[in-house]
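Colleague: Taken in sequence, the protein lines are chains A and B.
My numbering puts the first residue of the first sequence at 1, with every later residue one more than the last.
My numbering puts the first residue of the second sequence at 1, with every later residue one more than the last.
Just so you know, these hints were derived from the structure itself, not from any lab.
The structure presented is a predicted model; accordingly, all values stated were derived computationally and were not measured.
Some hints here could point you the wrong way.
Remember, identical chains collapse to one label, so a pair may be satisfied in a single copy or spanning two.
Said to hold, decoys possible - Under the rule of at most 30 Å between Cα atoms (straight-line distance), these lysine-lysine pairs were calculated in the DSS-like manner:
| # | residue 1 | residue 2 |
| --- | --- | --- |
| 1 | Lys88 | Lys59 |
| 2 | Lys137 | Lys116 |
| 3 | Lys420 | Lys391 |
| 4 | Lys264 | Lys88 |
| 5 | Lys68 | Lys379 |
| 6 | Lys391 | Lys334 |
| 7 | Lys206 | Lys379 |
| 8 | Lys334 | Lys264 |
| 9 | Lys88 | Lys210 |
| 10 | Lys137 | Lys57 |
| 11 | Lys88 | Lys137 |
| 12 | Lys379 | Lys391 |
| 13 | Lys57 | Lys264 |
| 14 | Lys391 | Lys137 |
| 15 | Lys137 | Lys334 |
There are 2 protein chains.
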Amino acid sequence: MSLMSNLSTSMTSSSSSAFLAPTSFNSRTQRVSVPVKSFKICKCVSTPLEQQQTDYKTKVPRNSNIAKLQAGYLFPEVARRRAAHLLKYPNAQVISLGIGDTTEPIPDVITSAMAKRSQALSTLEGYSGYGAEQGEKALRAALASTFYSNLGIEEDDIFVSDGAKCDIGRLQVVFGSNVTMAVQDPSYPAYVDSSVIMGQTGQFQKDVEKYANIEYMRCTPENGFFPDLSTVARTDIIFFCSPNNPTGAAATREQLTQLVQFAKDNGSIIVYDSAYAIYMSDDSPRSIFEIPGAKEVAIETASFSKYAGFTGVRLGWTVVPKQLLFSDGFPVAKDFNRIVCTCFNGASNIAQAGGLACLLPEGLEAMQEVIGFYKENTKIIVGAFNSLGFKVYGGQNAPYVWVHFPGQNSWDVFSEILEKTHIVTTPGSGFGPGGEGFIRVSAFGHRENVLEACRRFQQLYN
Amino acid sequence: MSLMSNLSTSMTSSSSSAFLAPTSFNSRTQRVSVPVKSFKICKCVSTPLEQQQTDYKTKVPRNSNIAKLQAGYLFPEVARRRAAHLLKYPNAQVISLGIGDTTEPIPDVITSAMAKRSQALSTLEGYSGYGAEQGEKALRAALASTFYSNLGIEEDDIFVSDGAKCDIGRLQVVFGSNVTMAVQDPSYPAYVDSSVIMGQTGQFQKDVEKYANIEYMRCTPENGFFPDLSTVARTDIIFFCSPNNPTGAAATREQLTQLVQFAKDNGSIIVYDSAYAIYMSDDSPRSIFEIPGAKEVAIETASFSKYAGFTGVRLGWTVVPKQLLFSDGFPVAKDFNRIVCTCFNGASNIAQAGGLACLLPEGLEAMQEVIGFYKENTKIIVGAFNSLGFKVYGGQNAPYVWVHFPGQNSWDVFSEILEKTHIVTTPGSGFGPGGEGFIRVSAFGHRENVLEACRRFQQLYN
C-alpha cells in the first residue's frame, strides 16, 4: 500500500531539505504557501543533526488482536489491485463494478440544502458548533417517521452517525471482547474484521479460512441464502445483513421471524444491517423492527450512502431500542450513547442538513429516481450473465449481482476478468469462505459503463 | 439524560397508535409526509398484538469496562446541568463559557468552498463517492506543508479524520487492552474515559478519584503545570496535551525535549494533542515533531475545530510517523491505517473541501482573524479575574482560563456561579482530581457575552 511504500527507504532529515526533490517540495508550497511572518503556525526548528535511527523500537507491544487480521481489508485490497492494473495498462479503460461506490450525481434538492447550510455557517444566526452527539433532533424525528412509523421506534432510539461502517466499529466497542459472534457467510467483511480487532475471536485458521470462535452461518443457493438455524451455535451477537451484501438475498418475513425467535431463545443480540433496504423490490421486511419482539433483541444500522449517494458525504444512523437490555438489565442504548459521546462528536452538521433534505417529499422522490436508475443497471447485468448461461443470484432486492463460477477460485476469476476486460469486480471469497466460487458485480455505475462492461463480459464468456 | 427518560414509562405498541399523543405524531408527519404509494420504503406491518415485555433481558453480558465509567462523560453532564438550570429559570440569560464550543461564524472563504463542493456533488464531473479513508491527497499535502514543513513529516504520515476525539478513540482501539497509560492530571477527559472503555485500567477508586492502573501526572501551579517526570512511572502510552486543556499551559521546548527523552528511555509512545497550538502566543513548540527524535516516539492529533470553528463541521487529523514502531518492529502507522480502513470511511468530502480552503493563504488569514478575536476574549476574562484578586492560569497560549478557588469543591463553585450568575463554566475536577479547586472558563463566546459574563463575575465576587 502506498502508505507504507516509503517505509524502508531512508528518510531525509529536516537538515537535508536541499536533498528533497525540489518539484515535490514546490508543488506543495505552490498550493499552500503561508506568509510566515503573519502566521506563526509552524515553527521549524528541528535540530540539524537529527538522523533517522531506523533501528529504534518502542517497548509498546503490538495489539495481538490486530495482528490476527489477514492481509488488507478487502476493499483497499481491491483498490490496490486496480491501481496495479492501471500501472500495467496505463491506457486501459477500467470499469469499476467492484467496491460498490455510488456514481450518480446527488439530486440538487439535497446538495442545495447542504450548500445552504454551509453558507449559513458564515452568519451569526446560521452558525452552529458542537451538535448533539446523537444527531440533530429534527433529523432523528424525520428518520423515525420516515422509516419506522408505526413500528414503535422513537426519535430517541435513533443515533445519527457518519456511516454504518463506523457504527459497527462503535457497537463492537460497546460489546467489548467478552462476547461471541455469528455472521452470515458470506457477508460484509467489516463485521468479522471489527470482531477480530476487539478480541472476540481466536486466530485465523488457514485450512478452513475462518477465525476461531466465530460462528459462520453458511448462506448458499441451496438454503436460499438463509442459514439453517438448527445447526447454528448460540452466540451473544448475530450480525445479519438483509438485503445481504454480497449475495443480494433478502430474508423473508418468515425467515426474519425465525431469526428473531432464535435470538430470543438464545438471549442473543442481532445487529441488523439494512443498508440496502431501499433497493428491495419484493415485499420482504425493510426493517427488522417489522418483526414482533425484535425491539428486545435487535439493533439496526442503516445509511444514506447507498440511498442518496452519500458514500463521500458520510451519514448514517443506528437504531438501539430502549427495550434492548444486557443480561444484567442495563439498557444497551445507554452504553451505546456513552460510546457515541466519548469516542465520537456527531456527524457533520452539513451532512445532516443533506440527510434532512433527503427525507422531505421532494428529496425522497429524487432519491428514489436515482435508486431506480441503479435498479435498471442491476437488471442489465443480471440479463447479461443469464444470457451467458451463468447461475446468477441477487439483483432483485439489492444492487449486487452474485455470479457463480462453480469450482473456481474467486481471486482467480477476479484477476482473469480484470486482466482480460479491465473490469474491477469483487472476489466472493473476500466476504468469507462461503463466497468462494462467486464474484460480486456491483450495479453502481454510469449506464454506458454498465453496458460496456456487459459487452466485455459477453466477449470474454461467449 | 433525555435518552433514557422514557425508559421506565410503558411503551405504546404499534397497535395502539390511537393512544399516541396526536400532536407529536402530526408534527412528525408534517415534516416528512411520504407518499407511500410511490415509495415503498417503509412497510408498517408490526403485529397488532405485540406488547412490550419489560422483563425480557438478553443473555449478553454488559461490557465490564464500560461499567467502570463514572457518571456521564463530562461535557454532556455540564450540558445536562445547564438544561436543568434553564428549566428552573426559564427566562435566565444563560451565558455558556463551559464546553468550549466555538461561537463565531466561519469565514466566507471557507464556507464558500464547502458550498461549492456541495453543489458540485450534483454534477457528473463534481460528484465523488468513497474517498481515501486516510483523507484526500491534496488536503494531506497541504497539512504537511502548512504545519510540518521541514519537520520531516510527510503527506502519507497524515491521516485526515472527523476530529481529534474520534481519532483518540481509534488510537485506543489500535493499542488495545494490554497497554498501560499515563495522562496529565488534569486533562481532557476523553483520554482517560477511552482508556477505561478499552480495558486498560482497573476500577475507579473513589478515595483518590482515580482509576487503578492509570499513571496520573499531576500538573499544578507549583510545577508550572509540567509533571515531575522523575516521579512518573513508566507506561506504554503517554497522553500529553499542549497547550493543555484545561489549564492552558503550554510546555516549553526544554520540557518537551525532556518528555521525548523520557518516552525514549522508557520505550513509550506519546499521544500529543495539539488541538490548541494555533492559540499560542509565546515561542513554545507548536508540534511535538519540532523536538528531535519525536518521530520515533510520538503521534500527534490535531483538529480544525478550534482553528476554524469546525466543531460542528467535523474535521481533524492525526500524524503517525512511519518511524514509530511497536516493540516487534511493526509500524504503528500500518495498524492505525488498518483501523481507519476497517472502522472508518474518511471525513466528509465537503468538510475536507473546507479544510483545504482553510489552508489557502486567504483561508489562513481569515482563520487567524477569528482566533485573534477569541484571544482578545481571553485577555478580557483573565483581566476580570485578576482584578478580582483570583489566581489565574492559562490564557496566554490557549483559549482557556484556569481560575483557582483554593480549598473549594469545583462542582460547588460551578453550581454557585451557575445559580447566581447564569454562567456555565466547567468544574476543574471533571478533568481529573488535579483539577479540584479550579474552574475552567472558556474564551469562546460573542464579545458582548464575554463582557457581560465578566460584569456578572465582578458582581458575584467583588
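Colleague: Taking the hints in turn, state whether each one holds.
Modeller: Checked hints:
1. Lys88 to Lys59: neither (41 Å within a copy, 54 Å between copies)
2. Lys137 to Lys116: both (19 Å within a copy, 26 Å between copies)
3. Lys420 to Lys391: Intra 21 Å, inter 75 Å, cutoff 30 Å: intra-copy only.
4. Lys264 to Lys88: Answer is neither: 53 Å inside a copy and 43 Å across each miss the 30 Å cutoff.
5. Lys68 to Lys379: So Lys68 and Lys379 fail the 30 Å test inside a copy (39 Å) and across (52 Å) alike.
6. Lys391 to Lys334: Cα proximity of Lys391 and Lys334: none, with 46 Å in one copy and 39 Å across.
7. Lys206 to Lys379: Answer is neither; intra-copy 37 Å and inter-copy 63 Å both fail.
8. Lys334 to Lys264: within (21 Å within a copy, 40 Å between copies)
9. Lys88 to Lys210: Neither, since 33 Å and 58 Å both go past 30 Å.
10. Lys137 to Lys57: between (48 Å within a copy, 29 Å between copies)
11. Lys88 to Lys137: For Lys88 and Lys137, only the inter-copy Cα distance (22 Å) is at most 30 Å; the intra-copy one is 51 Å.
12. Lys379 to Lys391: This pair counts as within: shortest intra-copy Cα distance 14 Å, inter-copy 73 Å.
13. Lys57 to Lys264: So Lys57 and Lys264 pass the 30 Å test across copies only (9 Å; inside, 49 Å).
14. Lys391 to Lys137: neither (46 Å within a copy, 41 Å between copies)
15. Lys137 to Lys334: within (18 Å within a copy, 38 Å between copies)
Violation of the numbered hints given earlier is confined to hints 1, 4, 5, 6, 7, 9, 14; the remaining hints are satisfied by the structure.
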